[in-house]
Amino acid sequence: MTLDAVAGRSLRTGFLARAAEQPDAPALVVAGSTVTYGTLERQARVLAAAITADGTRGVERVGVFAYRSVVAYAGTLGALCAGAAFVPLSPKFPVERTRQMLRSAAPEAIVVDKASAPLLAEALAGLELRPRVIAPEPGVAAALVAQGLDVVGADELAGVAPLAELPPALDDDVAYLLFTSGTTGVPKGVAITHANVLALLDVAAQRYALTPADRCSQTFDQTFDLSVFDLFVAWGAGACVYVPQPIDLLAPVRFVQKNGLTLWFSVPSVVALAVKKSMLHPGAMPTLRYSLFCGEPLPEASARAWQTAAPASRVENLYGPTELTIYCFEHVWRDGEATQENGIVSIGRPLPGLGALVVDDDLRPVPDGEPGELLVCGPQTSPGYWRDATKTRERFVDVPLSPTRVKRFYRTGDRVVRGASGDYTYLGRADNQIKVLGFRVELGEIEAVLLRDGNAVQAIAVGWPVEDGRAAGIVAFVTGVTVPGEELVRVVSRTLPTYMVPSRVIVLDEMPLNANGKIDRRALAAQLDDAAPVA
Amino acid sequence: MSDRLQDVVAGVLRLPPESITDDIGFGLTPEWDSLNHISLMLAIEEAYGITLSDDDVVELTTVGAIRSHLGRAPGVAAGEQA
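Residue numbers (the working numbering), protein chains in the order written: chain B, 54 to 588; chain U, 5 to 86.
These are calculated hints, taken from the structure and not from any lab test. All C-beta atoms in this analysis are idealised placements derived from N, C-alpha and C, irrespective of residue type, glycine included. Do not rely on the hints blindly, as some may be mistaken.
As the list claims (entries may be wrong) - Stretch-level coverage of chain B by chain U, calculated; a stretch enters the list once three of its residues show a Cβ under 8 angstroms from a Cβ in chain U:
no., segment
1, 302-312
2, 345-355
3, 368-379
Claimed, not checked - Below, computed lysine to aspartate or glutamate pairings styled on EDC-like, alpha-carbon distance capped at 16 angstroms:
no., chain 1, residue 1, chain 2, residue 2
4, B, K330, U, E22
5, B, K311, U, E63
6, B, K311, U, D58
7, B, K329, U, E50
8, B, K330, U, E50
9, B, K330, U, D60
10, B, K311, U, D59
11, B, K330, U, E35
12, B, K329, U, E49
As the list claims (entries may be wrong) - Selected chain B positions facing chain U (Cβ under 10 angstroms, derived; list incomplete):
no., residue
13, P79
14, V83
15, S86
16, P299
17, S322
18, V470
19, L490
20, E520
21, G526
22, S556
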C-alpha cells in the first residue's frame, strides 16, 4: 500500500522551504564552524537515505546521540527527513539511563557523533535492541562494526545520494519523543506530534516575525524541548542559530556581543549568575530584539537587570511543561508593572487557541484569586506518555465544561492563581517535582533510586540550596543504611544525570515526622542551614 | 601542604584542599558546576583583589589556567599566588 504524498506540513517543512530559497545563507554556527542551509539540508537528506536504506525501509524513531555538534543538528533533521520522530539522547547521562531510554524508545536507527560512539556501544551491549547506527564522522565505524552492530560509517555515507523523495510525516505522527524525570525511578517518554509542534511554531512565527537577518541563541540542551523552539522557529524564518558552549552561558553578554544576537532564549538561572558576577552593564546588548526566559520562575530583579542591559529588547516570561509542547503561557514583562507578592514575574496568559482552568483536588474550577492546579487544553496537548497508558490516564483527563461538552486537559501539577486581570501567577508545585537550573526533576525518582540501588529503608530528597526561590541543587536523607553518604552519592550517579545527583546524602537514624505522622520535609531541610525546601 | 589557590578553590567547591590539582576544572568534576564557577570567580576576585572580565570567566576553567592568570595579573605578588 502506498500512502499518497502529503501536501500538508510537518516539523521539517519550514527548514526545507528556507533551504530551497536561500541555500547559501548561514543556518548554524557551532563550535567555530558555520553551516549553510544548503549544506545542512544535504547532510540531513544523506542521513535520511542511510536511515531508510534509500527510502526502502520505514523507520518510526531515530535516536540522536551526540554532543552539540553539526552531527546532532543534521541528525535531528535527518530523522525528520526520514519521516521519523527524533529521540534526543545525551552522552552526558550515565550509560544506564541511556539504556533505559533506548529500551523504552526502541529506535530503529541512531545517529551518533565520534565522541559519543564508545558510550553508545556500551549502552547497546546490554540490550537486545539492534538499531542501524549512522556514524558520519571518519574513524568511528570500525570499532562499532567489531561489536557486531549494523553501521553506516563515513566512507559508506560518502557514496550515498541525498534522499530526494521524503517519506510523508502526518499530523498525528510523532515528531519527537523526549524523556523527562519519572517518579518510579525510570525516565518517562513524552510523545509530541507534528500537529502539536506546528501549533506552537505558527503562534511563534506571528509573535516574533523573525527574518533571515535574525541571529538566535541555542542555549538549551537537545534533551530539553525548548531546544525545538531554538532551532525550528529560527529555521522557519531563515535565521541563523548560534550554539554556545556550556562555559559561554556563564558570560551571556559576551556571547550576545560576539555574535550580534537579536534573540536570546535561556533559563532565568543564566541571568541570576550574570547578575551575581555584575556582568549586566546598562546597554551592553543593544542588538537584542527579544529576550525570552522559560524553564523556571523568572524573578523580577532578573528581568529588570536583563532589560537594562538589553534596552531595545522585549523581555518575555514563558511557561509550559513538555507535555504541552515547548510553552503554553506567555507574558511580556514591563518595568513598573504590578509586582507579584513572591517577586516572581507573572506567567501571563495562555497562547491563542489554548484553554486553561484552575481547579481544586476534585478537578472543580476555583474562583479567580484562589489557588489551584493548572489544567491546559488545546492543540499543543501531547497524545500522552510513550507506551504508558496508566500514566497517560492519570495526567491527561477529560473535564466536563458543560453537560454536553467535554475537553481533554493536561494536569500540569503546577499551582497557580488567576488574578482579576486575567493573568496567572505561578505558586509552585502541587507535588514533589522541582526544577534544578531549569531541568525538571522528580524528587521521587531520586528517592526511588536510593531505595532500589542504595538499599535505603527510607529516602527523602529536597531541593537545596534555595536561591531566589529556586533550587540550585539537591540533598537527600536516608535511613537504614550502614554505608557512608558519599558512597550513596556514587551509587545514584551510576543511573541519574549529574543535575539529579544529590550533592550530599545524609544518613539518619530516623526521619523526623510531622503532626500527621508523615515524614517532615521541612524539618529535614531546616537542618541544612535553616533553608526552606523547594517541594 | 595546600597552597592559597587550592584553599580558595577547595572552600568554594567544598572539597579537601589536597584534592585540588591543576587539571581539575569546570565540567570535569561534578562539584565544579555553573553555579560554583561564578562563586569561584567572585572568591578569586576577593582573595586576590583583582577584577575578572567576562573573557576571563570563560577562559579560566581549570585551576591551572587560574594559576597562570594570577601569575600574570598586575598587583598579585608572587608570594600571594601560592
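Evaluated hints:
1. 302-312: n = 5 at 8 angstroms, threshold three: holds.
2. 345-355: With 0 residues closer than 8 angstroms to chain U, the segment 345-355 of chain B misses the three-residue bar; violated.
3. 368-379: With 0 residues close enough to chain U, the hint is violated.
4. B:K330 / U:E22: Roughly 27 angstroms between the alpha carbons, so the hint for B:K330 and U:E22 is violated.
5. B:K311 / U:E63: This hinted pair holds, its Cα atoms lying about 15 angstroms apart.
6. B:K311 / U:D58: holds (12 angstroms)
7. B:K329 / U:E50: holds (13 angstroms)
8. B:K330 / U:E50: Since the Cα atoms of B:K330 and U:E50 sit roughly 12 angstroms apart, the hinted pair holds (cutoff 16 angstroms).
9. B:K330 / U:D60: holds (12 angstroms)
10. B:K311 / U:D59: holds (11 angstroms)
11. B:K330 / U:E35: Judged against 16 angstroms, a Cα distance of about 19 angstroms means the pair is violated.
12. B:K329 / U:E49: holds (13 angstroms)
13. P79: violated (23 angstroms)
14. V83: violated (16 angstroms)
15. S86: Since chain U brings no Cβ nearer than about 19 angstroms to B:S86, farther than 10 angstroms, the hint is violated.
16. P299: holds (6 angstroms)
17. S322: Status holds, d = 8 angstroms.
18. V470: violated (30 angstroms)
19. L490: holds (7 angstroms)
20. E520: holds (8 angstroms)
21. G526: With a closest approach of 8 angstroms, the B:G526 hint holds.
22. S556: holds (8 angstroms)
Hint compliance for this structure: hints 2, 3, 4, 11, 13, 14, 15 and 18 are not met, and every other hint is.
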